[in-house]
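There are 2 protein chains.
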Amino acid sequence: MSDANVDPRKLGRPPPPPERQTPFLELDADRLERNLLAMQRRADGARVCLRPHIKTHKSLRIARRQIALGASGVTASKPSEAQVFVEGGIASVTLAYPVVRSAAIDYLLEVGRARGADLNFIAADWAGVAALAEAGLRHGLRLSVFLKVDVGLGRVGVKPDAEDAVHLAAALSDGRDLSMAGLLAHAGHAYGASDISAIREIATKEAADLTRLKARLEAAGIAVPCVSVGSTPTCLGAPIPPGVDEIRPGNYAFLDRTAMRLGLCEPDDLTLSVVATVVARNSRYAIIDAGSKALSSDQGPHGTSLSGFGAVVIAERAPEAAWQIEKMSEEHGFVPCALGELPVGSRLRIFPNHSCATVACFDSYGPEDADPSSRIDARGCFA
Amino acid sequence: MSDANVDPRKLGRPPPPPERQTPFLELDADRLERNLLAMQRRADGARVCLRPHIKTHKSLRIARRQIALGASGVTASKPSEAQVFVEGGIASVTLAYPVVRSAAIDYLLEVGRARGADLNFIAADWAGVAALAEAGLRHGLRLSVFLKVDVGLGRVGVKPDAEDAVHLAAALSDGRDLSMAGLLAHAGHAYGASDISAIREIATKEAADLTRLKARLEAAGIAVPCVSVGSTPTCLGAPIPPGVDEIRPGNYAFLDRTAMRLGLCEPDDLTLSVVATVVARNSRYAIIDAGSKALSSDQGPHGTSLSGFGAVVIAERAPEAAWQIEKMSEEHGFVPCALGELPVGSRLRIFPNHSCATVACFDSYGPEDADPSSRIDARGCFA
Numbered sequence: 145m146s147d148a149n150v151d152p153r154k155l156g157r158p159p160p161p162p163e164r165q166t167p168f169l170e171l172d173a174d175r176l177e178r179n180l181l182a183m184q185r186r187a188d189g190a191r192v193c194l195r196p197h198i199k200t201h202k203s204l205r206i207a208r209r210q211i212a213l214g215a216s217g218v219t220a221s222k223p224s225e226a227q228v229f230v231e232g233g234i235a236s237v238t239l240a241y242p243v244v245r246s247a248a249i250d251y252l253l254e255v256g257r258a259r260g261a262d263l264n265f266i267a268a269d270w271a272g273v274a275a276l277a278e279a280g281l282r283h284g285l286r287l288s289v290f291l292k293v294d295v296g297l298g299r300v301g302v303k304p305d306a307e308d309a310v311h312l313a314a315a316l317s318d319g320r321d322l323s324m325a326g327l328l329a330h331a332g333h334a335y336g337a338s339d340i341s342a343i344r345e346i347a348t349k350e351a352a353d354l355t356r357l358k359a360r361l362e363a364a365g366i367a368v369p370c371v372s373v374g375s376t377p378t379c380l381g382a383p384i385p386p387g388v389d390e391i392r393p394g395n396y397a398f399l400d401r402t403a404m405r406l407g408l409c410e411p412d413d414l415t416l417s418v419v420a421t422v423v424a425r426n427s428r429y430a431i432i433d434a435g436s437k438a439l440s441s442d443q444g445p446h447g448t449s450l451s452g453f454g455a456v457v458i459a460e461r462a463p464e465a466a467w468q469i470e471k472m473s474e475e476h477g478f479v480p481c482a483l484g485e486l487p488v489g490s491r492l493r494i495f496p497n498h499s500c501a502t503v504a505c506f507d508s509y510g511p512e513d514a515d516p517s518s519r520i521d522a523r524g525c526f527a
Numbered sequence: 145m146s147d148a149n150v151d152p153r154k155l156g157r158p159p160p161p162p163e164r165q166t167p168f169l170e171l172d173a174d175r176l177e178r179n180l181l182a183m184q185r186r187a188d189g190a191r192v193c194l195r196p197h198i199k200t201h202k203s204l205r206i207a208r209r210q211i212a213l214g215a216s217g218v219t220a221s222k223p224s225e226a227q228v229f230v231e232g233g234i235a236s237v238t239l240a241y242p243v244v245r246s247a248a249i250d251y252l253l254e255v256g257r258a259r260g261a262d263l264n265f266i267a268a269d270w271a272g273v274a275a276l277a278e279a280g281l282r283h284g285l286r287l288s289v290f291l292k293v294d295v296g297l298g299r300v301g302v303k304p305d306a307e308d309a310v311h312l313a314a315a316l317s318d319g320r321d322l323s324m325a326g327l328l329a330h331a332g333h334a335y336g337a338s339d340i341s342a343i344r345e346i347a348t349k350e351a352a353d354l355t356r357l358k359a360r361l362e363a364a365g366i367a368v369p370c371v372s373v374g375s376t377p378t379c380l381g382a383p384i385p386p387g388v389d390e391i392r393p394g395n396y397a398f399l400d401r402t403a404m405r406l407g408l409c410e411p412d413d414l415t416l417s418v419v420a421t422v423v424a425r426n427s428r429y430a431i432i433d434a435g436s437k438a439l440s441s442d443q444g445p446h447g448t449s450l451s452g453f454g455a456v457v458i459a460e461r462a463p464e465a466a467w468q469i470e471k472m473s474e475e476h477g478f479v480p481c482a483l484g485e486l487p488v489g490s491r492l493r494i495f496p497n498h499s500c501a502t503v504a505c506f507d508s509y510g511p512e513d514a515d516p517s518s519r520i521d522a523r524g525c526f527a
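Chains A and B, in that order, are what the protein sequence lines are.
So the first sequence is residues 145 to 527, counted in my numbering.
So the second sequence is residues 145 to 527, counted in my numbering.
Isolated chain A (complex conformation) (with noise of 0.2 angstroms):
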């Protein structure tokens, strides 16, 4: 099966180490640059903050290279992940994820206020609004909270137009215990584009979500000092719209197939790969190294979904054909491929089709765990 979506030769990257154990990851370290200042570029042409999400690469030595390159701060998923970044030395963390128990903060808010960080938090609904309201109480801090606005993507946060937004927007402002720091809403249904007009559309709709409450929200005498958006597909695929502030793109330091699929890149931009090795063949597949383990088995973000589990070259020279993983154990791939082709024992080159989710495997970015810098410093902070 080879993968028609995928020019081979321009997933081309000089020979790896031919030292090092697979299967391990490789970053494309021009690739990577070009990424993160094509992003901040648009932020800055749009004059829009740019605070990308560190889910992706989990990494203090890529987030601050994002900073150095202009970046106002950091988004992340959980308290924990948050906390690396803080005490890694990022000034400014916003968590982008529900808070329904105080306690799940307590930690971050002790590490934030030793180093004077700058924290900022969401709620969604009158559970979130206590939460957070106990913990800075508790922490005798005012916590900046946004309120989460769900355009969409049906997961978390208030619908634009519900009577409860203006409600709970008055708790945030109620200048006592919390401060109100905008709106944020994360456009994912995005991934499920079938193309980038598609994609504008969910961008435009965002913005005009966003914009329509944050009048109801003023006409009510509330301050929205911040309307904050962000989904790599809405960034990349359209104009950032007025009205908004802040984007959070995340998965644009790496990309991945699905970013290809969405049109959002070329061959060329993925910085992301997978190093592995054929170790055996038969009438049919040659197996690979490298498993749901290793690369994990997302086929695409939010549930989306990409035929086959990444895409395959080899590794050693300029590749001329691509493949695709069919299946996978937790640590072989099967790539369907004609005798005589991948050889036992070829290295080959993966481009996993959710970077995220292959990072979120490895513990280290290479090629030597022993250097901290390339450490994916938060790994396995799901809590």
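If you are wondering where the hints come from, they were derived from the structure by calculation, not from laboratory data.
Where a beta carbon is used, it is the ideal one built from N, C-alpha and C, also for glycine.
Certain hints may be false.
[What the hints assert, rightly or not] Below, a sample of chain A positions facing chain B; criterion: calculated Cβ distance under 7 angstroms:
no., residue
1, P167
2, A342
3, G444
4, H446
5, G447
6, A504
7, F526
[Claimed, not checked] SDA-like, lysine to any residue: derived pairs with alpha carbons at most 25 angstroms apart:
no., chain 1, residue 1, chain 2, residue 2
8, B, K154, B, K349
9, A, K471, A, S490
10, A, K471, B, G296
11, B, K471, A, S338
12, A, K471, A, S449
13, A, K303, B, K303
14, B, K154, B, C481
15, B, K471, A, A271
16, A, K349, A, E362
17, B, K303, A, P162
18, A, K303, B, A482
19, B, K471, A, G444
20, B, K471, B, R428
21, A, K303, A, I384
22, B, K154, B, L171
23, A, K154, A, A173
24, A, K471, A, Q165
25, B, K154, B, D174
26, B, K303, A, P487
27, A, K471, B, S224
28, B, K471, A, S449
29, A, K471, B, G447
30, B, K471, A, R405
31, B, K154, B, A482
32, B, K471, A, E362
33, B, K349, B, H311
34, A, K303, B, G296
35, A, K349, A, C409
36, A, K349, B, N426
37, B, K471, A, Q443
38, A, K303, B, E485
39, A, K471, B, S451
40, B, K303, A, G484
Go by the hints and put chain B onto chain A.
Okay, now just chain B, sitting in the frame of chain A:
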């Protein structure tokens, strides 16, 4: 969406520690002990050795318990995984993974020698024989090697009736660089069986394939000291057939929804669960704080699939209903349920489809990450 496959009352466990941040893994110590003991008794009853595959638990503590109950050693997937168990004091380890570059086992052989451990390898083709012979020569060791036989999974191994099987076995028996450990197979295709009778057919055919090949080798003057098989479905779902000397199941320690689907166990045999919290609600879903990064997106082993991504019950009291995770984002699970069910803040217990894949996401079984004995010692050992 309720989970019709599960009797929720049989999934009850004591409430999890309220102070612990979710999501986290929990092992039911009683169920674990029962599962370990039951398999050891099956092996003892059939007078075969049990050499459990540690890829399921990746834990030294559990491997040591398996040994204490009578296991003859352990089985591992990758050299770096095997090394963790040798360094942890397990005296006999079979690396049931094809080695095609001799350097891949250099460090394992050094550690094995230092620890006086008994190591076994597999070879499935001439590249494997050459790599192992070269490694043995370089380290001044005669390596013990099983001939890997493909009994139907279509992954790694020589076909049982292939002409080459005799030549490969002869090369392993030359008495100089390598020694013939026996025949080794993995009937992983049993996970795709529709019911127990199909599993029995697979187990019977596997034993017949290996017995036939053994006779052919013996007729050619090649001794076959051990016939080793192993998958949890064939070891739990079928009698251990005559002619088998060793079994290598792994998943039986924890089991999961896949084992239930196959009729291999009851809900109250499920040892591994993930405790999560409802962090948001909307009209369709309870949104929980465990997604694809914590649970994995595996729907079953070897690319088999089961609806959803885990069975869900209330954790704090005796469960009376069960639901399913329908889809996931990286840090969110979507559990379809009626409004009023599963309110924000509820703690839930998830029984995964594929426990091996879920364990591989976490660094520790907890409850305290600081307790070294609850570490997932071989996490991330892909190379």
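Honestly, which of those hints from before does the structure not fit? 2, 3, 8, 13, 17, 32 and 34
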